[in-house]
Structure formats: C-alpha cells, structure tokens
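**Student:** Given the coordinates of chain A, work out where chain B should sit on it, guided by the hints.
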Amino acid sequence: MSEGFKVEIVNPEKSFLVKDDVSEVVVPAFEGEMGILKDHISIISFLKPGIIKILSKSGDENYYVEDGIVEFKNNNLSILTSTIFNLADMDKSKQQDLLKQAEEEANKTDINDQSKYLADQKVEVLKTLN
Amino acid sequence: MASLDDLKKRIASVKSTQKITKAMKMVAAAKLRRAQESAEKGRPYSEKMNNVILNLSNGISDKENAPKLLSGTGQEKTHLCVVMTSDRGLCGGFNSNIIKKAKSYFAKILNEGKELKIITVGSKGNDQLKRVYGDKIIENISFKESKNANYFDADKVGKMVIEKFEAGEFDVCTIFYNQFKNVITQIPQAQQIIPLNNEGEENSSEESYEFEPDEDEILSNLLPKNISTQIFKAMLENSASEQGSRMSAMDNATRNAGEMVDKLTIEYNRSRQAAITKELIEIISGAESL
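As they're listed, the protein sequences go chains A and B. Be aware that the first sequence starts at 0, since it is given in numbering that gives the first Met the number 0, and climbs by one per residue. Be aware that the second sequence starts at 0, since it is given in numbering that gives the first Met the number 0, and climbs by one per residue.
Take these hints with a grain of salt, some might be off.
As the list claims (entries may be wrong) - One side of the interface only, derived from the structure: several residues of chain B facing chain A at Cβ under 7 Å:
(1) G41
(2) Y44
(3) F105
(4) N110
(5) Y150
(6) Y208
(7) E211
The set of hints was computed from the structure by calculation and includes no laboratory data. Quick reminder that beta carbons are idealized off the backbone N, C-alpha and C, glycines included.
The following block holds chain A by itself, in its conformation from the complex (with noise of 0.2 Å):
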C-alpha cells in the first residue's frame, strides 16, 4: 500500500489533474481551510474562493480556485470546480486581471449577502496572491 491518496480535479471543460501519491490536501471549506490526509472519514462539502495545496512526494502545488465541491471517499479525492488555476502558471497580469474583476463584482450593489461576501473573498484571496 503506498502512503498516499488519489485526487482528482475536474471542470466542466475537462479532467483537470489527477494525482495519485498526495499525501495532504488543504481546501478552503466553506467553514474554514480543512486538510485531509490518507484515511480521512468521507465528507462532502464546498468551497469558498481561496488556495489549494496538494502535498505530494512530488512536489507542492498551489491551485487557485472560486468555487467547487470536494468529495472524498475511500481514499479518493475529488474536487468539481468550474474555475481554477494554477499559481505555478499565474503571472502577475493575470492576477490582477482576475481581481480587477472580482472587485468590480464585490462593489456592486444589487447583489445578495451571499454572493457578496464570496466577491469579497476572492477579492481578499487575490491580493495575499500580489
């Protein structure tokens, strides 16, 4: 048995990544940032805008994402998520792009509490990034 667990990322357009030697996950969980390891009980849950950390023998990832659903379950990791991006292949122009964007969103006043407080999250998340 290898010390790790499978995960796999996908959007609506494809299968993003799979990974199968992580060895930790964190996802920004709507109630908070939550690490899974190997063995976790299964859970579902969503997430907020924020930072994706996949630990593996590989190397660190670092995936930037708005929105998604994370499900596990016997040692497999799945993340559906139609936005995402890869810090590795984030230049600064497309930071501030995408949080020129999230500002904008955040600054309007004709939407709910919710999908406020998301802008304001990713506005937050984004400029940690710079």
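**Tutor:** For chain B alone, kept in the frame of chain A given last:
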C-alpha cells in the same frame, strides 16, 4: 433531350457544388474531432456531479423539506421544455430529429391538458417550432457569437431556468438534445432535470458521509450548479453530434454529386457521339445523292 451546351453547364455546376460539400465535410471532420474530445472530457464532471448529488439525496434525512429543485413542487401542471438545436443548417437530420422528439413530447403534454412552455436554444429549432408552437415559446437563446460550447453560456441558460423555477413559472423541466454516439448515430434525448430524476439508480453505496455545512445547505448550493452542468453536457453532446451529422450528410452529398457527374458525363458523351453520327450520315447521304 438537353443540348450539349446545357449538359456541359450542368456538369460544371454539379462539380462546383461537390467541391463545396467536400470542403464542408472536411471542415466538419476537423471540428468534430475537437468537439468529440471536449464532449468526452466533459463527461467526468457531470458524472461526478451526479454521483455526489445521488449520495447526498440518499443521505438526506428530512425528505419532506428537501429543496424543491430535487423533489419538485409537488404537482406537474406546467412543463418547461428546453429544446437545444444548432445555429447552422446543412447538417442532415440533426435538427429535425430533436424537433421530432420534442414535438411528440409536446403533443403528449398537451393531450394531458397540461400547460406547455418552450425555451429554444439555437436558431434552427426556433425556426422549426415557431410556426406550430409560436405562442408557447417564451424565450429564444442563440449562441452564434461563441465558437465552441462553453460553460459560461450554459450557466446563463441554467440561471434563467432556475430563475423561472423560483418564480413558479413551471413545475417540470425537460431538456432535449442529441446524444453523440458515433459519427453516423446520434440519439435524440429527453432528459428531465427538474425535479431530479433518480429512478433506477440504486447502486450508490450505503456509506454515510460527513457534511460540512449540513446537507440542506450543500444541496441548495449544488442543485443549481447541477442544472447548469447538465445543460452544459447537453451542449457539448449537441455540438459533437452536429458536426458528426454534418460530416455524414456532406459525405453523402459529395458521393451523390459524384454519381450525378458520372451520369451526366455519360449522357453528354452519348449525345456528342449521336451528333457526330448524325452529321456523318448527312454528309454521306449528301455525297450519295450527287
């Protein structure tokens, strides 16, 4: 019998038509590969989504208060049908197949005395439906500008459907699209998305999950997303089907044009020979009479 000149012109025109259909076939084949790839890549997402929802709905303790998107409004008086077709023609039976399927469903609904509302996605469907069901069409969406099916567009349709549902405008929602099987076979599908139809899928595990936050909150977040996902899946399948259908239609057209050119060429040669023979006879009989 047509004159030699006419025949020549016809052969030329059929040949140029053949060139067009051949080019279209090639373009469709190239696009098909891409569309098929993205349809296949998109499948895991919608399957996973379905799985999660299935697990969730099994785990839900309080069935009575389940979100309406899952359990329905409790009645089924008004049906909303989302008919998804293409924006371009010349793709064989692609659009007519969806329309045929949709029309038989419409007839069933109306026979049962229920109310019918239609949203058409893609202009071809609208063209075909507006003559008979023009008063039932409440919305017509077309994504002519976007080159490939993308999630953003699907989300727009999904949000609109949910808005209408929450406003109580309908009870049951069904989407119509073509499922891509292979280049020659596309199967028109009617899929009910509201309320969610989980019948016949009892294979989920008994294992219980931990939820964070609780089931209801996750479900109410997840269900709207699922609507968009299902619509997106339909769009992907549709675009692959459209290209496949166009490819085989254009292939047939090219072949038919080839046959026609052959036939016309034979006719042309025959009449040319007939004309020569006739001239010879005239000359010979002219010479004999001298």
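**Student:** Would the hint on B:N110 be counted as holding, given a Cβ-Cβ threshold of 7 Å to chain A?
**Tutor:** Not OK, violated: B:N110 not within 7 Å of chain A, min 37 Å.
**Student:** Double-check B:Y208 for me: the hint is only fine if its C-beta lies closer than 7 Å to a C-beta in chain A.
**Tutor:** Cβ of B:Y208 sits 5 Å from chain A, so the hint holds.
**Student:** Does the CB of B:G41 sit less than 7 Å away from some CB of chain A?
**Tutor:** B:G41 check passes; min Cβ-Cβ to chain A is 6 Å, inside 7 Å.
**Student:** Please check whether B:E211 passes as an interface residue: C-beta within 7 Å of a C-beta belonging to chain A.
**Tutor:** It holds, given that the least Cβ distance between B:E211 and chain A is near 4 Å, below 7 Å.
**Student:** Hint check: is the beta carbon of B:F105 less than 7 Å from a beta carbon of chain A?
**Tutor:** Not OK, violated: B:F105 not within 7 Å of chain A, min 30 Å.
**Student:** For the restraint on B:Y44, tell me whether the closest CB of chain A is nearer than 7 Å.
**Tutor:** Cβ of B:Y44 sits 5 Å from chain A, so the hint holds.
**Student:** Let me know if the C-beta of B:Y150 comes in closer than 7 Å to any C-beta of chain A, holds or violated.
**Tutor:** At about 4 Å, which falls below the 7 Å cut-off, the nearest Cβ of chain A leaves the hint on B:Y150 intact, so it holds.
Figure legend: structure checked against the earlier numbered hints; hints not met, in rising order: 3, 4.
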